[in-house]
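**Student:** Take a look at the letters that make up each chain.
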Amino acid sequence: MKRVTAILLAVAASLLILPALLLGSYGYALAVAVVSGAGFALLRTAPQSKWSDLLLIAVSVMAAFALFLGIHPLFAVVAITLFIYAWNAGLRFGHFDRSPVEDRAKQQFTLQMLAVALVPSLAVAFVLSASLYVRIRLSFGTGIGLSAAVFLTIALFIGFARAARRKED
Amino acid sequence: MGIGLSMLVVGMLLKHGGMLALAVPPILYSCLCVISTLQLRLPKLHIQHSVSRHRMIEGDEVEITVDIASEFGDVGRHFISVIDQLPAGAQLIEGENQFLGSLLRGQSVRLSYRVLLPRGKHKFSQVVVTAWSRWGLASRMESISHESVIIVRPKTEPLGAISIHPRRTRAFAGPVKANLGGQGLDFFGCRSYVPGDDVRRINWRAYARQDNLIVNEYELERLADVSIIVDARLQAHCRLGEDTTFDYSLRAAASLASHFLRVGNIVGLLVYGDIVHWVFPGVGKTQERKIFDSLATAYAAEKEVFEDLRKIPTRLFPAQSQLVFVSPLIDDDDVEVIALMIDRGYSIILVCPHASTWEAKQIRSGSSAQIATRMSNLRRSLFLDSLVRTGTRIVNWDIAEPLAQAIARDLGVSFFRRHS
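Protein chains in written order, with the numbering used here: chain A, 1 to 169; chain B, 1 to 420.
Derived from the structure by calculation, the hints contain no laboratory data.
These numbers come from a predicted model, not from an experiment.
Some hints here could point you the wrong way.
[To be verified] In silico lysine-lysine, DSS-like type, Cα no more than 30 Å apart, as pairs:
{"id": "1", "chain 1": "B", "residue 1": "K44", "chain 2": "A", "residue 2": "K2"}
{"id": "2", "chain 1": "A", "residue 1": "K106", "chain 2": "B", "residue 2": "K44"}
{"id": "3", "chain 1": "B", "residue 1": "K303", "chain 2": "B", "residue 2": "K123"}
Next up, chain B with everything else stripped away, as it sits in the complex (with noise of 0.2 Å):
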């Protein structure tokens, strides 16, 4: 309308009449956008939106309905676009989330589009509908709010038999040997025969030998508290392309919580770096929900506060339990943690991820480059033997190589054949 207005006025001025001309299409188009705008009414539609999964793990794909139906009362004929927002971070697979062109009353539409997600807690929120008048003059835009939330956790890993000996276990049978003797599987000891005994126990060729009437001990299995410790200190992490160590750090952790729930121990989680999150220890499927909930939301954060791993709230452990920690460690403080954690009588697993492969192919090839990784790797070297030293049990995982992998060589049955 200033436009058109400024180009009347000098239109008059020169007294051009090209210029006079000139000025009637911003003013008409003006007021033409006005009635418009004041005539238009947005058409009524009814959003029906569905997704094939609420629950996923991150790679896969999510097919996504939008139904749309016309109510429309007496607006006639309109051209509407109907966009289903996507979240942060989804990409489009297959399909499209836009509808575009008209529809009747009565009239329905469907969109399917099919979308990767990242891992996370994703909300399709609101769907954005957008009409026009006729000749395009004005528009209007709403949104339709609902809700649809798709958790999408990290992936998992089948890992191999972990061996844990935490002081400390609960008083119910389970998977984890608990260095008293007592009824199990493995053999444990001899003790003399106390009246109450079961006489199928009774070891006849010590009887025999010694006169005494000797029993058969076993090793008890019992029930363990085992709390998994995820680092999401900002600084502890490096970004690898896309991904970050603490990715791998949560899918890890994911991995673990799921083999020790599989064989029956009791979990707890704690994600340590902003807030405490914390995942009462529990057993079954629905603790493997609720830590897979909150590994999905977990991010990695810079607080002052949580610094260094002084601040890790041990009191939320059960005494003398196993812990395990999947954190690269940053430095000789958090090797001093680790030291006192044990002291505590805290039996400690450090699932140690990092990325010197990763990190080595993305350097050029070269003497000096062969340099640099050997440092590194010398330098890692010392600060896990720093750690071994306090009597952790270490699984130093390239993130190049799977998880199970570097278990199984650092704390599978083969390792204590090797180091027996």
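Next up, chain A with everything else stripped away, as it sits in the complex (with noise of 0.2 Å):
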């Protein structure tokens, strides 16, 4: 878990830095390593503390700076994910470090949590930087059709949820 953590953390840091150090912004470079490194130090120690609550806060602050540095969104929402991800693995998988595994194991579960922390977080922000170059003109109809589907949307989650939850019981 370290491990799949310390990748997806130096991936997301290097996906805010690098564009920095190209725009010149040294400054923000040297303050998201030093948060990714705390980041880090943190999540391997004290993966379930509230402190990793406040750092993903503090992550999350930093990938909106960058959208005002000029860096391109894609970066910044790549990243994002991707520390979502590295905060949810310690989360929830901080106590198997605990304990010794066969290393075929730990090299499998290390494969696989990186395949599905990156593969949907590239594609959701491909999906999300190309909607930034579509033009819909918005009229009356349109808006009401929108805001329908996104009630519809809504309303089956919560239907869903619930319909879930019943089940448990």
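Take the two lone chains, each set in its own frame, and fit them into one complex as the hints suggest.
**Tutor:** This is the structure we're talking about:
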């Protein structure tokens, strides 16, 4: 798990640091490096503490700040998604590290975790980045349709959640 | 979710598309996490936990095997982690106590590992099973209870002959010389013949000299009650790296109990320090196991009530029996208590563990260190001399040497040869 967290954090940090260095924002790059280092130390030692939640907020603010420096949203989106994955992994699977496990199983687990973190993160980031370049003329009808679609999605989500809860009980 | 919504609001206020895009991953992630958590079912596992031994000596290793069989329903393929929780103090020597991977229905795996356990009663009570969803967004954890208990008793060492002389012995034949004439092996004395005496015991030479029938008497050998008292007052002991003098006291008590039981005595145990841990006197292997179990779980405690030895419940010990104290002793009050017990008719052997050699090694060598060591030894000698004057037989045991050696020196046959 430490390996997974380290790789995810390193990738997330480099996605913010490298564009910042190219744009000449050295202070920002240094700040990201410091926060990521602290994040790694924290997720390594106490992944289930309140501090890791605070760290997630700090990284989110830094990712948002990156947009104002002129860094492309694609980098910020992938970075924040990967960091969320790392935070989640530390939170949920931190206790695995205390018990030894076969090397082969550990490698398989690391590969699976990296795959399930990187693939959806990139997919979501590409879709969102592409959507930034799509221009839709929002007429009254389109607006109403979009609102109804969003409303239906939320209703479906709540309905699904309730059904699943009932099934569990 | 909070982070995502905050970014969404800020993005809308600033009319910043990038910020809105940044708000989507946290929100999407939170929603998917909720859905995954609700969908996720824990796999049904059948877990069988077995240990190679339930009783062992400290320093021994135990092999533990966990068989995990999958009884999945309709949940499909999962990545699961099964961790066999180790009790506190257990040290994994070889193997793994965690399974990480996927299990299909009907599959089974076996975990096998070896652990080193410290003295005590160790419970392997639960196996923690964690399963997570296909995309790693949600997880569920469950503890499956089971109970395997391993009792690790203190180490014992074989001891040489220890002569004890309690004032009172039991009526049954045993190994202790009862200071009474009768049937035995060692010559005790002569007396006038009375009808009914065995003719073979007539001392014909004495008859030739005195013209009276004289018979030989031999010293009776009887069973004796031996009560072992272990001082478990925290303030009486000191820490020596990973061990304490208390651990050594327990090992000594175990060795002595084993020895006295082996030669056929009735042995009881009292651990004095927290509450009264008392093992009723008995004989044989069962009694040895009871005493070892009690010593395995003994701990040093700091209780104001048991601050000194005055609260020792002497009513538990048979009158005028043999007491074996295993205690480093603290002050003159303890000496006074021991003197009082001797006045009441008990015979006392004091096994007094100390760590002078260990302590001398810890402090730097130099003139001041030498003086400190000498002062400590002198103080100890004075203290023990005052005990000798009360009639206590003392084993002055430096824990750096084997207990058997100290007992042979201070109580064994060679001691009596030296001092006779």
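**Student:** Indicate, hint by hint, whether the structure satisfies it.
**Tutor:** Status of the hints after comparison with the structure:
no., hint, in the structure
1, K44/B to K2/A, "28 Å, holds"
2, K106/A to K44/B, "23 Å, holds"
3, K303/B to K123/B, "27 Å, holds"
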